[in-house]
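Asker: Following the hints, position chain B against chain A.
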Amino acid sequence: MKAVVIGCGRVGSAVAKGLLAAGWDVTAVDENEDALVRLGPSWKGGFVVGHGMDFTVLERAAIAEADAAVVSTNGDNTNLVIGQVLQKRYDIPCVVVRVLDPARAEFYAIRGMRTVCPTETAISVLLETVRETTPVPEVAS
Amino acid sequence: MYVVVAGGGKVGANSTRTLLEMGHEVTLVEQRPDRFARLEEEFGPVVMRGDATEISVLERAGIARPPELLLAVTGDDEDNLVISQIGKEGYGVPKAIARVNDPRNQPHFDLLGITQTVCATTSILGLVEHEVPEHGLVELLTLQREGLAIVEVQIESHSPAVGTRVAGLSLPKGSRLISVFRHGRTELVEPGTVMRPGDQVLAVVPHGAGMDLRRVLLGARK
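Chains as they are written, first to last, in our numbering: chain A, 1 to 141; chain B, 1 to 222.
Looking at chain B on its own, in the form it has when it is part of the complex:
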């Protein structure tokens, strides 16, 4: 697979190293002369110096081939957005993954159609939430393009779903319970599965329906 990596910071450099080890062909674009020199020492001709938001630079990096994958992982969110847009809309790159440095910029990526994004802050906060069980509902994975999220719900003794068969729950439209983790074992959810206190339920829900699911399983938020 051919991959263009824009931005040679920690994320870009490590991705490049791993992709090369996996046997992929990579071009890494870095603008800063000091960084470029260091990267060139390690990666040789794989690294190209230039501003990856410039169309001529992207063309020299082979954007017109086009690469199967474009990683827009500079430290600047606007740059990452523009690089992804030029690659996808201008050159038909099938898959672009953009780094979101400031989670407050996530809505801009969503609005402008850059659906595959990675944000370290959001991921870390997701892990923090996962470690706090009383929160009730934890988003484990967001599938932007599909408009779905995989969530985990912890059933408590006073939850309204306790003692109810899954078939009898009025779950939000488009959502489904996948599995229940109880007594150290995971069971796939069947229509006849009965919710019990302490169950950890994995579910798939459409975006925005997480709180509805929470209400059905755990009741209104205290």
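For reference, chain A alone in the conformation it holds in the complex:
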């Protein structure tokens, strides 16, 4: 199975390494060459330098053959646009897009995108942790 990870920052690089370890054929894409460092010295996957909005870059990453794509650059709107292009133009069965803004993540999720919102996750984990570790305050009636 082939996966392309667009945006190789803290999140993207970890996802790329995780997929490779799970036996996927992985190509990572990042605008910045230095992002390769995050993948570590023993990186066995592919790496393409360039912007995910650029068709030639996507095609160098052999995007058309991908079974899955993870879009995690540092821009919500860039991710949303690239994610839609991957769905509509390349017909990739699984496209997952990182969106920090909960409202935009929901807006596009309703319209059929697989959006992942780390902000939303952080909010629920924080709330849950506080609830679990602190006795429920008594509510004056």
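If you're looking for bench data, these hints aren't it; they were derived computationally from the structure.
Every value quoted in this text rests on a predicted model; they were computed, and no experiment measured them.
Careful, some of the hints might be misleading.
Chain B residues, not near chain A, derived (Cβ > 12 Å throughout) [unchecked claim]:
hint: 1; residue: Gly9
hint: 2; residue: Asn14
hint: 3; residue: Glu21
hint: 4; residue: Met22
hint: 5; residue: Met48
hint: 6; residue: Arg49
hint: 7; residue: Gly62
hint: 8; residue: Leu69
hint: 9; residue: Thr74
hint: 10; residue: Thr122
hint: 11; residue: Leu148
hint: 12; residue: Gln154
hint: 13; residue: Arg165
hint: 14; residue: Arg185
hint: 15; residue: Leu202
hint: 16; residue: Ala220
Here are a few chain A residues that face chain B, going by a calculated C-beta distance under 8 Å [as the list claims (entries may be wrong)]:
hint: 17; residue: Asn77
hint: 18; residue: Leu80
hint: 19; residue: Val85
hint: 20; residue: Lys88
hint: 21; residue: Asp91
hint: 22; residue: Arg104
hint: 23; residue: Ala109
hint: 24; residue: Arg111
hint: 25; residue: Met113
Here a beta-carbon is modelled for each residue, glycine too, at the ideal position from N, C-alpha and C.
Answerer: Chain B alone, transformed into the frame defined by chain A:
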């Protein structure tokens, strides 16, 4: 008419000024504090500070009314695309015009259904082509939604169409010759109009059929 303008650079600020002068109601959204301060000095409460790609900001700008027109004219193509999509798909804005900063992003706008776009680079290059007659076929206007283009073709002495009546030309499907400019005058094309060297022909063609039209009128490209 109510208009929301996203992005207060040169395009957004000048559009806002003109729309206000025309008597329209406008809200201009600008994110950068320095720009916002300058715009607020000129436009007062018409300007709102915020990131127009955030749904709550757009809502404060009145996107839910909805405006008759949304101009997504920031300096960032992804932002313009997302603003247009939120306006059209989320709030039923009837007309959104998006600015394309980098012409290489045009296919993304087309693919994602944002059909009304303006790209300064493409417009300037179109004008350049218009000034180079030997190019043969010049695209004057693209009608994205209709899937048509208005083109101009310069007939040369060796063109295969010379001496042929328009009714006898096998034009590409869906295309039509509109007018001929010759000897300083424009004539509407009739079935009996005969093509002559030096004619400047205006035609309407479906997208992608420009080169077929060129072949019929001017022959294969040298």
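Asker: Hint by hint, note whether the structure agrees.
Answerer: Verification of the supplied hints:
Taking the minimum C-beta to C-beta distance to chain A, about 17 Å, the non-interface status of B/Gly9 holds against the 12 Å cut. Once the 12 Å rule is applied to beta carbons, B/Asn14 is consistent with being away from chain A; the minimum gap is 24 Å. The non-interface label for B/Glu21 is consistent with chain A: the shortest C-beta to C-beta separation is roughly 31 Å, beyond 12 Å. With a closest Cβ-Cβ approach of about 30 Å to chain A, B/Met22 is found to remain outside the 12 Å limit, as its non-interface label requires.
Non-interface call for B/Met48 relative to chain A: holds, since the shortest CB-CB distance, roughly 17 Å, exceeds 12 Å. Distance check on B/Arg49: its Cβ is at least 17 Å (rounded) from any Cβ of chain A, clearing the 12 Å threshold; non-interface status holds. The Cβ of B/Gly62 sits about 17 Å from the closest Cβ of chain A, beyond the 12 Å cut-off, so the non-interface label holds. Residue-level check passed: B/Leu69 sits 21 Å from the nearest beta carbon of chain A, beyond 12 Å.
The claim that B/Thr74 is not at the interface with chain A is violated, since a C-beta of that chain comes within 12 Å of its own (minimum 10 Å). Every CB of chain A is more than 12 Å from the CB of B/Thr122 (nearest about 17 Å), matching its label as outside the interface. Distance to chain A confirms B/Leu148 as a non-interface residue, since its nearest Cβ pair spans about 23 Å, more than 12 Å. Here B/Gln154 stays apart from chain A, with its beta-carbon at least about 33 Å from theirs, past the 12 Å limit.
With a closest Cβ-Cβ approach of about 43 Å to chain A, B/Arg165 is found to remain outside the 12 Å limit, as its non-interface label requires. With a least CB separation of 45 Å from chain A, B/Arg185 remains clear of the 12 Å interface cut-off, as annotated. Chain A leaves B/Leu202 outside its interface by the beta-carbon criterion, the shortest separation being 33 Å against a cut-off of 12 Å. A cut-off of 12 Å between C-beta atoms confirms that B/Ala220 is not in contact with chain A; the least separation is 29 Å.
Taking 8 Å as the C-beta cut-off, the interface hint given for A/Asn77 holds, the closest approach to chain B being about 4 Å. The interface hint given for A/Leu80 is met, as the beta carbon of that residue sits about 6 Å from the closest beta carbon of chain B, less than 8 Å. Interface restraint check for A/Val85: the shortest CB-CB distance to chain B comes to about 6 Å, inside 8 Å, so the restraint holds. Contact between A/Lys88 and chain B, as hinted, is supported at the beta carbon level, the nearest pair being about 5 Å apart and thus within 8 Å.
Interface hint at A/Asp91: violated, since its Cβ lies 12 Å from the closest Cβ of chain B, which is beyond the 8 Å cut-off. Interface restraint check for A/Arg104: the shortest CB-CB distance to chain B comes to about 7 Å, inside 8 Å, so the restraint holds. Using the Cβ-Cβ criterion of 8 Å, the hint placing A/Ala109 at the interface with chain B is not satisfied: the shortest such distance is roughly 13 Å. Contact between A/Arg111 and chain B, as hinted, is supported at the beta carbon level, the nearest pair being about 7 Å apart and thus within 8 Å.
Hint on A/Met113 is violated. Least Cβ distance to chain B is approximately 11 Å, over the 8 Å limit.
Going down the numbered hints, you'll see the structure goes against 9, 21, 23 and 25, while the others check out.
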